[in-house]
Every structure is written in structure tokens, then in C-alpha cells.
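Sequential numbering of the sequence shown, starting at 1, is according to the numbering used here.
Do not take every clue at face value.
Computed Cβ-Cβ distance ranges for the label pairs, DEER-style [to be verified]:
(1) GLY81 - PRO192: 26 to 34 Å
(2) PRO394 - VAL151: 20 to 28 Å
(3) ARG129 - HIS36: 41 to 49 Å
Since the hints were derived computationally from the structure, they do not count as laboratory data. Glycine is no exception: its CB is placed at the ideal position from the N, C-alpha and C atoms.
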Amino acid sequence: MIASSHTSLVDFRVWFFLRFTLVGATFPMVGLWVEHQWGDKTKVGLLMGGIGLMQLLSQQMWGYLGDMVFPRRRILLFNMGVAVPLVFLTGFAASWPLFWGMWIVIALFMTPVNPMMNAIVMGSVHGQRRYSEIRAWGTIGFVAACLCAGVLSVVFGTPWVTFPISLIGGGAAWLWLWRIHTPHVPPETRAPFAQVQRFFLSQPHFLWFLLALFINRVAHAPMTYFQAFRAKELAPEGWGDFFGNSLYMVGAIPEIIVLFFGDRLLARFGELRCLMWVTGIAVIRFLLVPVVGLPGLIALQCLHGFTFGLYYIAGVSWMNRHTPDEIKTSAQTIYTMTFFGLAAMIGNPVFGRLMDVFGEDHQREIFWAGSLVIGLSIMALAGAIRSEPAGPPPQRLPLPGETPYNQ
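Model the full structure from these sequences, guided by the hints.
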């Protein structure tokens, strides 16, 4: 059983800011670094797909350990202590196999960081109804790191600047973890690992929701990533990395505004209704990406606050609300596993290959196909709405031999 955290709002906000400086320096720039070093967009897809595979294989292991075995702070301190120095060292990897292998190891240890912190905040005394606003401070850190990395990449003429920035931000986030309160009371009867997974995979509302999430992200994730290459192609000579990186910064600014009001939007309209709306916005967004110029592409990033930010927090809130207290971490890891793992493992390599094979001449068709796939997820969301239970979840996870929840 996991007790409530008494961490202050200030400590949560600072940690999320520091944590996402690591993400802001790394996520937008690593793909540009791969293309710079090896000149192959397929490798970008393979990198993201490999990271997604590791997240798929390890997420639920970390979720189970955080729920049933170890205090979550202990796991996070160890994992970030391994992963953050490795992120810096990947900048010195001269061969693609070594670079790829190091990122697979990084993915193994960084996998539980976000879902564990989501579960801690959602179950804390001070942050449980403030998650969206707290997460907004992460986006502020993301913007700061993107801006810093983008400017330095122009000054020094290389995306390598991402690696020292990520070391500084990640190291500071690791130090701040000591201020995060994560009490842990092991359950009297530890549910088997398979029983925890069965709780999610045996109920229609979870299945429909996870299917909608997968369909959306299998196209949304690569479309978001590969639009940076379109910006790079449209940019003035010598400014490609800056404008490719600036898309993330521009998209993050409206995301901050959306997140500061996200808790109120979810309370007013409900998570699934918000997810339906932002899915429709995502379809429009990616339909327009291949037919606008650089100013239009930058303007479309204003929709990112809805298509990623509000979408993400709505899913975090929905999974938390339908899950017993003792497996809240597993709820967030299965959500993240689908969001960043399974979908990325399939979508990024497929769309990366399509970009390499068909190139500039067929970008329009590729982005339109991605929009169609995203639109199909609305049908699965409708299934989640129809099957959503009216009452609260059980107070504890049903054990083997007991009647499962809602069956």
C-alpha cells in the first residue's frame, strides 16, 4: 500500500522544471544529432522505436516494484543516477550501434521516472487536484532548455550542445529528488504481477481507452517528430537546427497556458470528452503541416498544447481515477507504456522508413495518412465512453480466486 506524499507544491514544481530541462535539451535535438552524424532518417525512427520497445518491456516491471516492493524515490534515485551520465556520454559515441545501444540502456532506467512522479503527485496531499498546473512547470523547463539548446546549436554549429545541457538539468533533478516525500507501506498480501496486469486488461473500459491511446500515438508521435525535418528544409541556410528545435519551443508555450487551466477543463467537461475534442484538433493540425510554409508551420504549433498537453494530462487523470490505491503506479506505467512505448515502437520506424523511401515528393500523403490514423482513434474513445463504469474503483485489487472488478 502506498501512503500519500506530503511533498509541497513548490518542491513538486521545481522538480518538474528541472526534470524537463533534461527532456527539452534531449528530445528535440537527438534526432537532429542522429541525422547530422549518420544522415539517415530511418535511424531516427529506429532510435525512437528501440526506446519504445524498452519502455514496452520494462514499464510494468517498474510499476509493480513501485507499488509492491520499494519506495518510489529509491527507484528514481538509482535509475536517474545511472541514466543521466549515460545521456551525456552518448555524445561521444562514434558508431551508430554503440549510440543506439546506450540509448536502449538509458530508456530502461528512465522509463519509470515520469509515471512514478505522476502517481506520486496524483496521490499526494497537496498536489492531487493540481497535477496539470504542476506539470506546466515541467513545460516551462522544457521551453528554457529548448531555447538554450537551439541558440547554442546556432552559435557552435552543432546539435552536440544537447548533451552537456541534459547532464546539468538531469543532475539537478536528481539532487532535488531528495526533497520528494514518497512514503511506502508494503501491502499485507502482495498481489501477483499477473493479477495486476489482468486488472487492466480484463475490463472493457481500460481496453477501449488503451486502444484509442495506441491508435492516436502510433501516428501522432512520428508526425510531431518529423515535422522538425520539414521545418529544417524550409529554414534559411544555416538555421535548420534552430528552426527544427524551435517548433518544440513554440508548441510548449501555449501548452503552458493549457496546462495551467487543464485541471479546471477536466473537472468541467470530463477526461474522455476532452480527449475527443483534442483528437479532432490533432487531425486538423497534421492535415495542414505539409501544405503550409515555415510561418504557418510555426503557427500550427500553437495547437500542440491541446493535442499533446491536454491529451496527456487527461489520460493521466482518467487512469488514476479508475484504479485502486495500491496499484496507482502500475496504472501510470501502463499508460506511459502505451503512450511512449508500444505506439512509438511501431509508429516511429514505420513513418521513418516512409520518409526515407518517399522523401520530399510525398510528404503531403504521409502526413495525411497520419491524420487519418489519428482520426480513427475517436471510434475507440467512443467505446471507452460507452463502457466507462459509473462508480469508483474497488478499494483494493481483487486477489486470485476473487470476483474481478465489474465482472
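Do the hints match the structure? See the list:
1. With their beta carbons about 30 Å apart, GLY81 and PRO192 fall inside the hinted range of 26 to 34 Å.
2. Evaluation of the 20 to 28 Å hint for PRO394 and VAL151 yields a failure: the beta carbon distance comes to about 52 Å.
3. Checked against the hint of 41 to 49 Å, the C-beta distance between ARG129 and HIS36 comes to roughly 44 Å, which is consistent with it.
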